[in-house]
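Counting from 1, position 151 in the sequence shown corresponds to residue 151 in full-length UniProt numbering; the numbering is continuous, with no gaps.
None of these hints come from the bench; they were simulated from the model.
Even for Gly, the Cβ is constructed at its ideal location relative to N, Cα and C.
Hints should not be assumed to be uniformly reliable.
[Stated by the list, open to error] Simulated DEER-style distance windows between Cβ atoms:
#: 1; residue 1: E78; residue 2: T50; range: 13 to 23 Å
#: 2; residue 1: F23; residue 2: G67; range: 17 to 27 Å
#: 3; residue 1: R113; residue 2: R2; range: 19 to 29 Å
#: 4; residue 1: D22; residue 2: A62; range: 25 to 35 Å
#: 5; residue 1: F92; residue 2: T54; range: 36 to 46 Å
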Amino acid sequence: MRGIFAAGVLDAFLEQEHNPFDFVMGVSAGASNMLGYLTGAHGRSYKVITELATSGEFFNPARFARGGNLMDVKWLSETSMQRYPLDFDRLFTSVPFFAAATNINTGEADYFRVSQDNLADVIEQPQPCLLHTNEPHAFQAVATPMVVLLILSQ
């Protein structure tokens with residue numbers, strides 16, 4: 001599962017109260033992992049990946065064969081928020097959180113500051129396997145996520 005290594009690293013950072021970052025960036029599984037890290041939700045990303053992302057509700061080849069989505073990212077996002085709630089006040093008062101996405105017009109990376117207004121759009125974007133969904137690969141008409149996790153410090 002993508003993101004499991006980073007989930008462990010970020011949990012270790014939480015255990016050590018290690019947060020030297022001026023800002024963070026995450027995409028796809030990395031964006032989900034960043035939510036747990038920035039809100040201090042130790043173990044959340046591990047549980048989301050091992051309990052929810054392995055579920056047939058999320059990854060379902062039969063649903064895809066019938067014309068549905070192979071991966072139901074919306075279900076994963078909503079269910080993870082219900083089972084493992086986040087402290088959004090802490091999220092939006094921590095260091096700036098950016099998501100990267102591929103601009104479908106230029107093929108270049110675009111960066112979006114994650115806010116209360118765009119959080120659902122950023123987190124619910126499908127991973128870049130173009131075969132896994134029958135939905136358009138864009139939010140705000142410009143982006144398809146790349147699977148990367150970048151934690152940057154100035």
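Is the distance from the Cβ of F23 to the Cβ of G67 consistent with 17 to 27 Å? 40 Å Cβ-Cβ, so the 17 to 27 Å window is violated.
Determine whether the Cβ-Cβ distance between R113 and R2 falls within the hinted range of 19 to 29 Å. Hint holds: Cβ distance 23 Å, inside 19 to 29 Å.
Hint says 36 to 46 Å; check whether the CB-CB distance for F92 and T54 agrees. violated (30 Å)
Using the C-beta atoms of D22 and A62, is the stated range 25 to 35 Å upheld? With Cβ atoms ~45 Å apart, the hint is violated.
Just tell me: holds or violated, for the beta carbon distance of E78 and T50 against 13 to 23 Å? Since E78 and T50 have Cβ atoms about 18 Å apart, the given range 13 to 23 Å holds.
Consistency note: the structure conflicts with the earlier hints numbered 2, 4, 5.
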